[in-house]
Amino acid sequence: MEFCPKCGCVLVEKKKNFGCPRCGYKAKSKIKIETSEKIEIKPKIGIIKDKDTDVFPVTNAICPKCGNGEAYFWTSQTRAGDEAETKFYKCTKCKHIWRDYR
Numbered sequence: 331m332e333f334c335p336k337c338g339c340v341l342v343e344k345k346k347n348f349g350c351p352r353c354g355y356k357a358k359s360k361i362k363i364e365t366s367e368k369i370e371i372k373p374k375i376g377i378i379k380d381k382d383t384d385v386f387p388v389t390n391a392i393c394p395k396c397g398n399g400e401a402y403f404w405t406s407q408t409r410a411g412d413e414a415e416t417k418f419y420k421c422t423k424c425k426h427i428w429r430d431y432r
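All residue numbers for the sequence shown refer to the working numbering, where the first residue is 331 and numbers rise by one.
Honestly, I wouldn't trust all of these hints.
[To be verified] In silico DMTMM-like cross-links for lysine to aspartate or glutamate, where the CA-CA straight-line distance does not exceed 25 Å:
#1 336 to 367
#2 374 to 364
#3 356 to 343
#4 346 to 370
#5 420 to 430
#6 395 to 415
#7 345 to 332
#8 358 to 343
#9 423 to 400
It is worth saying that the hints were derived from the structure and are not from the lab.
Could you put together the complete structure from these sequences and hints?
Now the structure itself:
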């Protein structure tokens, strides 16, 4: 990038050569315009790929498959809106899932 020797303004391309837009100075030779940019490498964001990552609350429930005494639980409305929700359990040990309709 070149600057005007008279006023210090950046020289811009005019028809065939470069000149100053402020004072009218015209450069006699070709001007080579170069730009550069420093790009910082951003740290990578960690992604959890494990589909078995459970973030459900844990309660005391006996697994019908392995007999473990702890299970994750969540509720979902599986029937009509005027009926009670269905409670699902997932064993913390063997990952077996069962329902409770109470």
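Earlier hints that do not hold, by number
1, 2, 4
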